[in-house]
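> Spelled out, the chains give:
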Amino acid sequence: MKFSEEKLKKVQEIIERYPEGKQKSALLPLLHLAQEENGGWLSVEAMDLVAGLLQLKPIEVYEVATFYSMYNLKPVGKYLFEVCQTGPCMLKGSDEIINYIKKKLDIGVGETTSDGMFTLKTVECLGACGYAPMMQMGKYYKEHLTPEKVDQIIDECRRTAAQNN
Amino acid sequence: MGRKLLLDKAHIEGIRNYDVYRRNGGYAAVEKAFKMAPADIVEEVKKSGLRGRGGAGFPTGMKWSFLAKPEGVARYLVCNADESEPGTFKDRYLMEFIPHLLIEGLIVSSFALGSNRTYIYIRGEYAWIVDILEQAIAEANQAGFLGKNILGTGFDCQIYVQRGAGAYICGEETALLESLEGKRGNPRIKPPFPAVKGLYDCPTVVNNVETLAAIVPILNIGGEEYAKIGVGRSTGTKLISACGNINKPGIYEIDMTISVEEFIYSDEYCGGIPNGKKLKACIPGGSSVPILPANLLLKTVKGEKRMMTYESLADGGFATGSMMGSGGFIVLDEDQCVVRHTMTLARFYRHESCGQCSPCREGTGWMEKILHNIEYGKGKMSDIDLLWDIQSKIEGNTICPLGDAAAWPVAAAIRHFRDEFEWHVLNPEEAQK
Ligand SMILES: NC(=O)C1=CN([C@@H]2O[C@H](COP(=O)(O)OP(=O)(O)OC[C@H]3O[C@@H](n4cnc5c(N)ncnc54)[C@H](O)[C@@H]3O)[C@@H](O)[C@H]2O)C=CC1
Ligand SMILES: Cc1cc2nc3c(=O)[nH]c(=O)nc-3n(C[C@H](O)[C@H](O)[C@H](O)COP(=O)(O)O)c2cc1C
Ligand code: SF4
Ligand code: FES
Numbered sequence: 001m002k003f004s005e006e007k008l009k010k011v012q013e014i015i016e017r018y019p020e021g022k023q024k025s026a027l028l029p030l031l032h033l034a035q036e037e038n039g040g041w042l043s044v045e046a047m048d049l050v051a052g053l054l055q056l057k058p059i060e061v062y063e064v065a066t067f068y069s070m071y072n073l074k075p076v077g078k079y080l081f082e083v084c085q086t087g088p089c090m091l092k093g094s095d096e097i098i099n100y101i102k103k104k105l106d107i108g109v110g111e112t113t114s115d116g117m118f119t120l121k122t123v124e125c126l127g128a129c130g131y132a133p134m135m136q137m138g139k140y141y142k143e144h145l146t147p148e149k150v151d152q153i154i155d156e157c158r159r160t161a162a163q164n165n
Numbered sequence: 001m002g003r004k005l006l007l008d009k010a011h012i013e014g015i016r017n018y019d020v021y022r023r024n025g026g027y028a029a030v031e032k033a034f035k036m037a038p039a040d041i042v043e044e045v046k047k048s049g050l051r052g053r054g055g056a057g058f059p060t061g062m063k064w065s066f067l068a069k070p071e072g073v074a075r076y077l078v079c080n081a082d083e084s085e086p087g088t089f090k091d092r093y094l095m096e097f098i099p100h101l102l103i104e105g106l107i108v109s110s111f112a113l114g115s116n117r118t119y120i121y122i123r124g125e126y127a128w129i130v131d132i133l134e135q136a137i138a139e140a141n142q143a144g145f146l147g148k149n150i151l152g153t154g155f156d157c158q159i160y161v162q163r164g165a166g167a168y169i170c171g172e173e174t175a176l177l178e179s180l181e182g183k184r185g186n187p188r189i190k191p192p193f194p195a196v197k198g199l200y201d202c203p204t205v206v207n208n209v210e211t212l213a214a215i216v217p218i219l220n221i222g223g224e225e226y227a228k229i230g231v232g233r234s235t236g237t238k239l240i241s242a243c244g245n246i247n248k249p250g251i252y253e254i255d256m257t258i259s260v261e262e263f264i265y266s267d268e269y270c271g272g273i274p275n276g277k278k279l280k281a282c283i284p285g286g287s288s289v290p291i292l293p294a295n296l297l298l299k300t301v302k303g304e305k306r307m308m309t310y311e312s313l314a315d316g317g318f319a320t321g322s323m324m325g326s327g328g329f330i331v332l333d334e335d336q337c338v339v340r341h342t343m344t345l346a347r348f349y350r351h352e353s354c355g356q357c358s359p360c361r362e363g364t365g366w367m368e369k370i371l372h373n374i375e376y377g378k379g380k381m382s383d384i385d386l387l388w389d390i391q392s393k394i395e396g397n398t399i400c401p402l403g404d405a406a407a408w409p410v411a412a413a414i415r416h417f418r419d420e421f422e423w424h425v426l427n428p429e430e431a432q433k
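Sequence order for the protein chains is H and L.
When we follow the numbering used here, the leftmost residue of the first sequence carries the number 1, and every step to the right adds one.
When we follow the numbering used here, the leftmost residue of the second sequence carries the number 1, and every step to the right adds one.
Next up, chain H with everything else stripped away, as it sits in the complex (with noise of 0.2 angstroms):
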C-alpha cells in the first residue's frame, strides 16, 4: 500500500500540528488515514508504512494500533455494523436488536456475511444513549433502531453496493 501525492500534503499538514521533534503526536491520525485508504482495516504493511513515516520503530505503532478498538487488524466487511449494546442501550431494547440483525444476516457476533458485504460487532457506549438503540455504520450513527430501520438500512446498503459495481 502507499499514500497518494494528495494524501502525503495531508499527512505533512497532520505533523505540523505538533511541535519540533513531536511528530509521534501523528501517530493516531495517520493510523485513521491509512486505515480508510486500506480498506478500513490496518495490515501490518499499513502499519509500517506509518511507521516509515514518522521514523517510529515498527514495534511502537503495533503497540499503539493493538491498544485502540478503532483500529480493525483483521479485514472487515464492506459495512462495519457496531451496535451500542452498554446498560442505557440495553434499556432501549439493544439485545433485540443485536438479535434481530444476526438472524437477518444469518451471522454471528465478530462475524462477516459470505459476500463479504456485512461484519457485525458489538461495542461499549457510543455517547448516543438518549437515542438508542443505535449503531455505528462508517462514519455516521444510526440511531433509534427498530426492526424496520435495520431492514431498510440492509437494503440501501445492498443497492449502494450494486450500483458501486
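Among the hints, erroneous ones may be present.
Capping the alpha-carbon separation at 27 angstroms, the derived lysine-lysine pairs in DSS-like fashion look like this [claimed, not checked]: (1) Lys380/L / Lys280/L; (2) Lys69/L / Lys22/H; (3) Lys121/H / Lys103/H; (4) Lys4/L / Lys69/L; (5) Lys433/L / Lys104/H; (6) Lys121/H / Lys102/H; (7) Lys121/H / Lys277/L; (8) Lys2/H / Lys183/L; (9) Lys103/H / Lys190/L; (10) Lys32/L / Lys22/H; (11) Lys433/L / Lys280/L; (12) Lys24/H / Lys183/L; (13) Lys69/L / Lys24/H; (14) Lys63/L / Lys22/H; (15) Lys305/L / Lys57/H; (16) Lys57/H / Lys10/H; (17) Lys9/H / Lys183/L; (18) Lys32/L / Lys148/L; (19) Lys22/H / Lys183/L; (20) Lys139/H / Lys24/H; (21) Lys183/L / Lys121/H; (22) Lys121/H / Lys433/L; (23) Lys69/L / Lys102/H; (24) Lys148/L / Lys9/H; (25) Lys4/L / Lys35/L; (26) Lys278/L / Lys248/L; (27) Lys278/L / Lys305/L; (28) Lys2/H / Lys74/H; (29) Lys149/H / Lys248/L; (30) Lys10/H / Lys148/L; (31) Lys280/L / Lys22/H; (32) Lys78/H / Lys57/H; (33) Lys121/H / Lys139/H; (34) Lys10/H / Lys183/L; (35) Lys183/L / Lys139/H; (36) Lys63/L / Lys32/L.
Source of the hints: derived by calculation from the structure; they are not laboratory data.
Here the structure of chain H is known, so what remains is to put chain L with the ligands in place on it, guided by the hints.
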C-alpha cells in the same frame, strides 16, 4: 424556565456557521478578553465558582491558577472531548450544534493561560463532529480570531482537533495526554498534576468541553453574575444528558435550583416515565456514580427534597447518596432488571480497563463473570458476597479512578438491590429466561 447560558442560541437556524453565530453576539467574549490581562480573566473564572464539568467538579479558576509558568517553557490547553462515560452525551451536542461556542471558549481560555497550541482531543467515534469543528476553526481563522497576532495583541494561537481511536480510558486526563503524544492510553500516576507536568512534560490545563464553553457566558456576564445562578457551591448552569426510560430523552440545560423530581416529571425536562410505569432507580451522574432507588433519589435520608446540585446529589455519601458526575442521567423503570444493567456496566469497565493495575484488570473481569452467572441463573448466594469483596478490594488500590468507577456501581447495586441479586440465585429457571 431556568436561565440558559450555553444553549440559549442552540435553536437559531444556521448557528453552526460563523456568520450567524457572530450576528447573534458570538465572539464578544474574545473581544472583551483581549482587552483584559490574562490574570484578570483567571480571576473572573475564580469568581464564577465554575466547577469542572467533566465529572470531578474541581474548581476551574483554582486549577488555572495552579498552572506552572516557568520561563521559556510552552504551556498547553487541552480540551477533553473524549466523552465516553455511559449515559453521557452532552459534549457531543455542544460540539455538533454550536461548535463556535466551544471555539470561542477555547480562544479566551488559551489567551488566559498562554497556550499557543491548543488541542481538542475528541473520541474517535465522533468522526463527523471532527469535520464540524475543523470547519468552525477554519472560519475563526478566516475572521482573524485565530492565527498569528490575534486582533493585534501579539498573541498567537492555533487550535487542532485530535481524534482518539476508541478507548474510554483516554478520557482520564493523563491517559489522554499519553494518547495525544502518540502512545497507548495508560494513565500516569498523579501527582504531578498536568498543571505542573502535562503534555510533552509541559504545564497543561485539561478541561472538559462544557467547562470551556461556559467560559464564554462567564466573560460576557461577569464571574459574579454567573455565581448568582444556582445554590451554594453549585453555581451556573449544567448540561444534563437524560436517557433510559423517560418520555423525552435528550440534553437539558438546568440552573442548579430544581429538584430531581421536577427534572424527571416536568414536561420542561424528561416528561415522566413512559406508559405510566413507576420509577425504579436512577444513576444520576454517568455510569461511574452510585445507582439510587426511587425513594433515596427523590428524597435524602433526612427527608429533604433531593436537588440537582453537586451537594444534594452527594448527600448521604456512598451509603445513601450519589454524585453529579458527568451529568449522565440514566432512568430505570419498574420493569428493568438492576442485575442485568449492572452486568452491562461491569462488561464495559472490563472492556475499558487499560490493564496496568492488577486489581482493576483482574477485578473487572471477575466481576463481569460473576454478574453474568447471577444474571443467567448460574449464581450462588456466596457469589453476592464474593462480588462485594472484589469490588471493595479494587477501590482505592489503582493508579487511576477507573478501578473505583468499576467498583462503585457494583457496590451500590448490591447495597440497594440485594433482594434482586438473591432472587436470581433463588429462581435460576426464571432468571435464565
Ligand atoms: N465525562 C466523562 O465521560 C467521564 C467523566 N468521569 C469523571 O471523572 C472524574 C474523575 O476524574 P479525575 O481527573 O481523576 O479527578 P481528579 O479529582 O483527580 O481531578 C479533577 C481535575 O482537577 C485537577 N486537579 C486536582 N487537584 C489538583 C491540584 N492539586 N493541582 C492541580 N490540578 C488539580 C486535575 O488535574 C483534574 O483536571 C470522576 O468523578 C467521573 O465523574 C469519569 C469517566 C468519564
Ligand atoms: C476513567 C476516566 C474517564 C474520564 N473521561 C472523561 C471524559 O470523557 N471527559 C472529560 O471531560 N473528563 C473525563 N474524565 C475526567 C478527567 O480526568 C478530568 O478530570 C477532566 O477532563 C478535567 O476537566 P474539568 O475540570 O473541566 O472537568 C475521566 C476520568 C476518568 C478517571
Ligand atoms: S485503574 Fe484500571 S484503567 Fe486505571 S490505570 Fe489501573 S488498570 Fe488502567
Ligand atoms: S449506552 Fe449505547 S450509546 Fe451510550
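> Hint by hint, note whether the structure agrees.
Hint by hint, here is what the structure shows:
As the CA atoms of Lys380/L and Lys280/L are separated by approximately 25 angstroms, the hinted pair is consistent with the 27 angstroms bound. Restraint check for Lys69/L and Lys22/H: the C-alpha separation of about 21 angstroms stays at or below 27 angstroms, so the hint holds. Among the hinted pairs, Lys121/H with Lys103/H is consistent with the structure: their alpha-carbon atoms are about 14 angstroms apart, no more than 27 angstroms. Between the alpha carbons of Lys4/L and Lys69/L the distance comes to roughly 35 angstroms, so the proposed pair goes past 27 angstroms and is violated.
The hinted pair formed by Lys433/L and Lys104/H meets the criterion: a straight-line CA distance of about 22 angstroms does not exceed 27 angstroms. Annotation: proposed proximity of Lys121/H to Lys102/H holds, straight-line Cα distance about 10 angstroms (limit 27 angstroms). Proximity of Lys121/H to Lys277/L is assessed by CA-CA distance (about 32 angstroms); at most 27 angstroms being required, the pair is judged violated. Taking the CA atoms of Lys2/H and Lys183/L, the gap is about 24 angstroms. The hint holds against a cut of 27 angstroms.
Between Lys103/H and Lys190/L the alpha-carbon distance is near 48 angstroms, which puts this suggested pair outside the 27 angstroms criterion. Proximity of Lys32/L to Lys22/H is assessed by CA-CA distance (about 34 angstroms); at most 27 angstroms being required, the pair is judged violated. Between the alpha carbons of Lys433/L and Lys280/L the distance comes to roughly 21 angstroms, so the proposed pair stays at or under 27 angstroms and holds. Straight-line distance between C-alpha atoms of Lys24/H and Lys183/L comes to about 8 angstroms, which keeps the hinted pair within the 27 angstroms bound.
With a C-alpha separation of about 25 angstroms, the suggested pairing of Lys69/L with Lys24/H holds against the 27 angstroms cut-off. At roughly 26 angstroms between alpha-carbon atoms, Lys63/L and Lys22/H fall within 27 angstroms of each other, so this suggested pair holds. Taken as a hint, the Lys305/L and Lys57/H pair is broken in the structure, with Cα atoms around 59 angstroms apart against an allowance of 27 angstroms. Between Lys57/H and Lys10/H the alpha-carbon distance is near 22 angstroms, which keeps this suggested pair within the 27 angstroms criterion.
For the suggested pair Lys9/H and Lys183/L, the alpha carbons sit about 23 angstroms apart, so the restraint of at most 27 angstroms is met. Restraint check for Lys32/L and Lys148/L: the C-alpha separation of about 18 angstroms stays at or below 27 angstroms, so the hint holds. Distance hint between Lys22/H and Lys183/L is fulfilled; the C-alpha atoms sit about 12 angstroms from each other, no more than 27 angstroms. A threshold of 27 angstroms between alpha carbons decides the hint, and for Lys139/H with Lys24/H the separation of about 25 angstroms falls inside it, so the pair holds.
In summary, the hint linking Lys183/L to Lys121/H is supported, as the alpha carbons are separated by about 25 angstroms, within the 27 angstroms threshold. Taking the CA atoms of Lys121/H and Lys433/L, the gap is near 24 angstroms; set against the 27 angstroms cutoff, the hint holds. For the hint linking Lys69/L to Lys102/H, the alpha-carbon distance of about 56 angstroms lies beyond 27 angstroms, and the restraint is violated. As the CA atoms of Lys148/L and Lys9/H are separated by approximately 22 angstroms, the hinted pair is consistent with the 27 angstroms bound.
With a C-alpha separation of about 26 angstroms, the suggested pair Lys4/L and Lys35/L falls inside the 27 angstroms cut-off, and the hint holds. At most 27 angstroms may separate the alpha-carbon atoms for a hinted pair to count; Lys278/L and Lys248/L meet this at roughly 16 angstroms. For a cut-off of 27 angstroms, the pair hint linking Lys278/L to Lys305/L stands: about 19 angstroms separates their Cα positions. Between the alpha carbons of Lys2/H and Lys74/H the distance comes to roughly 19 angstroms, so the proposed pair stays at or under 27 angstroms and holds.
The straight-line distance between the Cα atoms of Lys149/H and Lys248/L is roughly 21 angstroms, inside the 27 angstroms bound, and the hint therefore holds. A C-alpha spacing of about 22 angstroms is found between Lys10/H and Lys148/L, which places the hinted pair at or below 27 angstroms, so the restraint holds. Distance check on the hinted pair: Lys280/L and Lys22/H sit about 51 angstroms apart at the alpha-carbon level, beyond 27 angstroms; violated. Of the pairs offered as hints, the one joining Lys78/H and Lys57/H is violated, with about 31 angstroms between alpha carbons and a cut-off of 27 angstroms exceeded.
For the given pair, Lys121/H sits about 15 angstroms from Lys139/H by alpha-carbon distance, which is consistent with the 27 angstroms threshold. Distance restraint check for Lys10/H and Lys183/L: the Cα-Cα separation of roughly 21 angstroms lies within the 27 angstroms cut-off, and the hinted pair is therefore satisfied. For the proposed pair Lys183/L and Lys139/H, the alpha carbon gap of about 24 angstroms is at most 27 angstroms, so the pair holds. Among the hinted pairs, Lys63/L with Lys32/L is consistent with the structure: their alpha-carbon atoms are about 22 angstroms apart, no more than 27 angstroms.
When the structure is compared with the earlier hints, violations turn up for hints 4, 7, 9, 10, 15, 23, 31, 32 and for no others.
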